[in-house]
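Undergrad: Sequence:
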Amino acid sequence: MARITALINQKGGVAKTTTAHALAVGLARQGRRVLAIDCDPQGNLSFSMRADDTLAGLYEALRGDAAAADVIQATRQGVDLVASSLDLSAADMEFTRVGREYLLRGLCDAVAASYDHIIVDCPPALGVLTLNALTAADDMVIPVGLEVFSLQGLKQLFNTVENVRRYCNPRLKVAGILITRRGNRASLTRELIDVIGQTAKDLNVYLYPTVIREAVAVREAQVMQESLFDSHPKAAVTADYAAFVADYLRQEDEKHGD
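Each residue of the sequence shown is one higher than the one before, counting from 8 in the numbering used here.
Just so you know, these hints were derived from the structure itself, not from any lab.
The structure displayed is predicted, hence computed values, not measured ones.
Even glycine gets a Cβ: it sits at the ideal position worked out from N, Cα and C.
Among the hints, erroneous ones may be present.
[As the list claims (entries may be wrong)] 25 Å max Cα-Cα, derived DMTMM-like pairs, lysine to aspartate or glutamate: (1) Lys180 <-> Glu108; (2) Lys208 <-> Asp254; (3) Lys162 <-> Asp99; (4) Lys18 <-> Asp94; (5) Lys180 <-> Asp260; (6) Lys208 <-> Asp247; (7) Lys241 <-> Asp209; (8) Lys180 <-> Asp94; (9) Lys18 <-> Glu101; (10) Lys208 <-> Glu169; (11) Lys208 <-> Glu261; (12) Lys162 <-> Asp94; (13) Lys18 <-> Asp260; (14) Lys162 <-> Asp209; (15) Lys180 <-> Asp237; (16) Lys162 <-> Asp201; (17) Lys208 <-> Glu227; (18) Lys241 <-> Glu261; (19) Lys180 <-> Asp59; (20) Lys18 <-> Glu261; (21) Lys162 <-> Glu198; (22) Lys180 <-> Glu227; (23) Lys180 <-> Glu101.
[What the hints assert, rightly or not] Ranges of calculated distance between the beta carbons of each label pair, as one might list FRET restraints: (24) Gly134 <-> Phe54: 18 to 26 Å; (25) Gly190 <-> Glu101: 22 to 30 Å; (26) Gly20 <-> Arg57: 21 to 29 Å; (27) Phe165 <-> Glu259: 21 to 29 Å; (28) Val223 <-> Lys180: 17 to 25 Å; (29) Ala132 <-> Gln232: 38 to 46 Å; (30) Glu198 <-> Asp72: 46 to 54 Å; (31) Arg226 <-> Asp116: 35 to 43 Å; (32) Ser121 <-> Phe54: 22 to 30 Å; (33) Arg70 <-> Leu210: 33 to 41 Å; (34) Glu261 <-> Asp59: 23 to 31 Å; (35) Lys208 <-> Arg178: 19 to 27 Å; (36) Lys180 <-> Ala117: 17 to 25 Å; (37) Phe165 <-> Asp99: 34 to 42 Å.
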């Protein structure tokens, strides 16, 4: 059965979608069968993976208008995709029936045997779509931009995680915090890394050793609608993400070793 990982941070601008994209493609390049699910109504992951927006996607699946298998589309990046759409913007108002937090879990359960990994890109908000992602997930990765404001809201996020564990998904774990968007100011960078490291320690959460640097290559890859591994294979930021993927898989190996 697939390992389901949610990429989550209610603060925008922390490279969450970039990280979800890099993780999904990086895993596929390691020979893993990967499904990416775009839960963000902005659809940035769907755009980056060149989704066909004429096909049914996550919205239709959550509504029950399409079966899970019918909303999965293959991409040229080696990853299957369930695409987002702007229709998801009204999810908090539209999905109000009892059990609404289990809609995505139903989709994942239906296809989990066909994949090794399901990567879920969450919206930058703690609404019903994020609740669905956390209810479906085995674990979560929290990208945190290398700036003071990125730490704001972590306490609220962890309160949400505890509620999800209590009422919806007791198996949910925090895989770790990933520092992203590292700049060039060495002294400030070191200080902020120390602050985030202490925060992770206080929360008893793993801090990935790789720090993802800020890079023009990321924006160029987005414009090209390609993964970093394809558009900029020799870029330093691509090496950063390759190291993160390796550490993510190492966690998995250590868990199975236990």
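Undergrad: For the pair supplied as a hint, Lys241 and Asp209, confirm whether the alpha-carbon distance does not exceed 25 Å.
TA: violated (36 Å)
Undergrad: For Lys208 and Glu261, compute the direct alpha-carbon distance and say whether it is at most 25 Å.
TA: It holds: about 20 Å lies between the C-alpha atoms, which stays within 25 Å.
Undergrad: The hint says 46 to 54 Å between Glu198 and Asp72; measuring C-beta to C-beta, is that right?
TA: holds (51 Å)
Undergrad: Okay, Phe165 versus Glu259 on CB: inside 21 to 29 Å?
TA: holds (23 Å)
Undergrad: Taking 25 Å as the top limit, are the C-alpha atoms of Lys162 and Glu198 close enough?
TA: It holds: about 21 Å lies between the C-alpha atoms, which stays within 25 Å.
Undergrad: If I claimed the Cβ atoms of Gly190 and Glu101 lie 22 to 30 Å apart, would that claim hold in this structure?
TA: violated (40 Å)
Undergrad: Does the alpha-carbon distance linking Lys162 and Asp201 stay inside the 25 Å limit?
TA: With Cα atoms ~18 Å apart, Lys162 and Asp201 stay inside 25 Å; holds.
Undergrad: Do the Cβ positions of Val223 and Lys180 conform to the proposed distance bound of 17 to 25 Å?
TA: violated (34 Å)
Undergrad: Given the hint that Lys18 pairs with Glu261, test it: the Cα-Cα distance must not exceed 25 Å.
TA: Violated, at about 30 Å.
Undergrad: Mind checking the alpha carbons of Lys18 and Glu101 for me, to see if they're no more than 25 Å apart?
TA: holds (23 Å)
Undergrad: Could you grab the alpha-carbon distance between Lys162 and Asp209 and see if it respects the 25 Å cut-off?
TA: This hinted pair holds, its Cα atoms lying about 11 Å apart.
Undergrad: Is the Cα-Cα distance between Lys180 and Asp237 25 Å or less?
TA: Between Lys180 and Asp237 the Cα gap is close to 31 Å, so the pair fails against 25 Å, i.e. violated.
Comparing the model with each numbered hint stated earlier shows that hints 7, 8, 12, 13, 15, 17, 18, 19, 20, 22, 23, 25, 28, 29, 34 and 37 do not hold.
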